[in-house]
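Enquirer: The primary structure of each chain is shown beneath.
Protein chains: 2
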Amino acid sequence: MTAHLHRLPPGPVDLTSIATDATPGFEGGKKQGAAALAALADELADLQERLWAERSTGSRRRLLLVLQGMDTSGKGGVLRHTVGLVDPQGVRITSFKAPTDEEKQHYFLWRIRKALPQPGYVGVFDRSHYEDVLIVRVHGLAEPETIERRYDEINDFEAELADDGVVIVKCMLHISAAEQKERLLARLDNPDKYWKFNPGDIDERARWGDYRTAYEVALERTNTEAAPWYVVPSDKKWYRNLVVGRLLLEHLRDMELEWPPADFDVDVQRGRLVEEAPVS
Amino acid sequence: MTAHLHRLPPGPVDLTSIATDATPGFEGGKKQGAAALAALADELADLQERLWAERSTGSRRRLLLVLQGMDTSGKGGVLRHTVGLVDPQGVRITSFKAPTDEEKQHYFLWRIRKALPQPGYVGVFDRSHYEDVLIVRVHGLAEPETIERRYDEINDFEAELADDGVVIVKCMLHISAAEQKERLLARLDNPDKYWKFNPGDIDERARWGDYRTAYEVALERTNTEAAPWYVVPSDKKWYRNLVVGRLLLEHLRDMELEWPPADFDVDVQRGRLVEEAPVS
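Just so you know, the protein sequences line up as chains A and B, in that order.
Read in order, the letters of the first sequence are residues 1 to 280 in the numbering used here.
Read in order, the letters of the second sequence are residues 1 to 280 in the numbering used here.
Do not take every clue at face value.
What the hints assert, rightly or not - On the chain A side, residues computed to face chain B include the following (Cβ under 7 Å):
| no. | residue |
| --- | --- |
| 1 | Asp87 |
| 2 | Glu179 |
| 3 | Leu184 |
| 4 | Ala186 |
Claimed, not checked - SDA-like, lysine to any residue: derived pairs with alpha carbons at most 25 Å apart:
| no. | chain 1 | residue 1 | chain 2 | residue 2 |
| --- | --- | --- | --- | --- |
| 5 | B | Lys104 | B | Leu141 |
| 6 | A | Lys181 | A | Arg127 |
| 7 | A | Lys237 | B | Val279 |
| 8 | A | Lys97 | A | Asp42 |
| 9 | A | Lys196 | B | Lys97 |
| 10 | A | Lys114 | B | Trp110 |
| 11 | A | Lys30 | A | Pro12 |
| 12 | A | Lys114 | B | Lys97 |
| 13 | B | Lys181 | B | Arg207 |
| 14 | B | Lys196 | A | Tyr121 |
| 15 | A | Lys181 | B | Val279 |
| 16 | B | Lys196 | A | Ser176 |
| 17 | A | Lys97 | B | Lys237 |
| 18 | B | Lys181 | B | Ala214 |
| 19 | B | Lys196 | A | Lys196 |
| 20 | B | Lys196 | A | Arg127 |
| 21 | A | Lys31 | A | Asp14 |
| 22 | B | Lys237 | B | Ser59 |
| 23 | B | Lys30 | A | Asp42 |
| 24 | A | Lys193 | B | Arg212 |
Unchecked claim - Sample of chain B residues lacking proximity to chain A, with all beta carbon distances greater than 12 Å (derived):
| no. | residue |
| --- | --- |
| 25 | Arg7 |
| 26 | Gly11 |
| 27 | Pro24 |
| 28 | Gly29 |
| 29 | Lys75 |
| 30 | Pro88 |
| 31 | Phe108 |
| 32 | Lys196 |
| 33 | Glu225 |
| 34 | Met255 |
Worth flagging that the hints you see were computed from the coordinates, not collected in a lab.
We put the CB at the ideal spot given by N, CA and C, even for glycine.
Whenever a hint applies, use it, and build me the whole structure from the sequences.
Expert: As structure tokens, then:
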């Protein structure tokens with residue numbers, strides 16, 4: 001399976017035409033999917049360590065995974081099962097909540113810029129600047145002209161990041177309304193999951209169509225060469241986790257990461273160790 | 001195996017009397033040790049998620065794992081293999097390097113306080129405020145009276161954290177000078193590892209005895225009830241990873257973490273979902 005087949009083509013977006021429960025490009029079910037994800041771990045670890053090592057050469061390259069999706073679409077599951085495969089030392093996860101009073105005083109990209117991964121890191125945004133054209137649009141939290149400007153501002157911002165060495169992987173986790181209902185009910189059926197449930201989730205759910213429209217506009221307007229969108233069928237959790245894992249892997253492969261050469265004389269240093277005075 | 005057997009007893013510390021290559025309390029070798037670590041994963045994940053969930057109740061509880069040890073002692077390996085078992089969403093790792101110019105303008109605990117885990121998190125310090133009584137002492141980077149005061153200041157600081165809900169787990173990864181030499185030579189024998197090697201590591205190694213003394217003093221002076229030290233035999237990497245995993249698990253168990261109760265009427269919310277108008 002090549003995860004790139006989920007790359008959104010340019011042009012208008014109709015999310016109802018993209019299946020949420022399909023598993024294109026993969027033969028097999030949940031068990032095989034979990035095994036396929038686990039099988040990515042070694043190469044993912046190797047490539048992430050090369051990216052991490054490259055920091056020492058002054059490289060500014062890094063990767064930014066942006067996760068967007070409706071409530072229960074599985075952003076947390078991707079963090080645990082897919083991002084969890086990578087050495088946590090080189091990962092920086094930021095979960096964006098409703099903006100704080102301080103954040104509201106600033107330009108919408110202010111808190112995003114503060115959370116960008118440093119060179120060498122795999123950064124992950126659990127929600128992102130896209131909330132500023134999604135929930136903000138659905139609830140009318142900004143003027144239409146302001147929202148209208150933001151699409152272009154996001155594109156300029158992401159192009160600037162790409163120029164500065166950031167490989168951007170934007171994933172929309174795509175679930176159906178029926179699947180969300182099942183997942184919300186499951187949270188209510190299990191006392192261990194009550195903490196994940198918020199009555200407000202049902203209010204948001206009633207605006208499903210408005211969110212779909214907001215997503216369709218955002219996906220179309222910000223689906224750039226520098227930072228294209230991937231729409232990941234996410235009704236099947238194992239498939240969602242696998243696709244994001246493959247996307248990480250394929251983007252890291254494309255970076256052609258090499259181990260940095262020694263910036264010292266290897267034989268001289270080996271000689272120092274071999275001939276050292278007794279150490280104890 | 002109960003990892004607590006590595007708890008440092010009160011009183012003077014003689015690191016030469018603590019074996020670096022022993023595997024007390026564990027029958028078996030590398031393969032069994034790796035399997036025993038993997039076997040902790042499910043319970044670790046469950047307990048960490050309970051800690052994470054507890055945030056929603058306003059609890060301030062969190063865990064702070066402090067990793068100290070000589071170069072090559074395996075702080076990075078513990079991060080990858082042990083901390084990597086935990087959901088990365090709830091983990092915050094901070095690696096402390098030589099202080100920046102800005103950090104040097106502040107009290108030595110300033111940068112430490114900024115990096116403390118928020119409630120609900122497992123925080124990990126890869127090096128820590130202990131560098132301010134270790135490398136600083138070995139290299140005479142502060143006045144002796146300043147260093148002398150710091151032991152008490154660290155104890156006061158850690159007691160304050162414990163009162164504020166922070167469970168502190170301090171691990172000294174204990175390796176022999178001979179094992180360090182093997183590990184440094186291994187880095188020079190493998191071009192994929194050159195980036196991990198720094199010629200300065202050999203200069204530091206020549207001060208092995210001074211570091212041991214600095215560790216012994218620091219361990220004795222800061223081995224408090226609120227934040228005791230664990231000395232982890234670390235010549236065998238698998239045993240080191242397993243002991244730190246067990247320490248995390250045992251401390252999380254001791255927190256008696258429960259799933260938060262619902263702060264809403266479960267039946268009412270279920271009814272809203274079951275009887276909702278069609279959503280699409």
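Enquirer: Taking each numbered hint in turn, which are not upheld by the structure, reported in ascending numerical order?
Expert: 2, 4, 8, 9, 11, 16, 17, 19, 20, 21, 22, 24, 29, 30, 32
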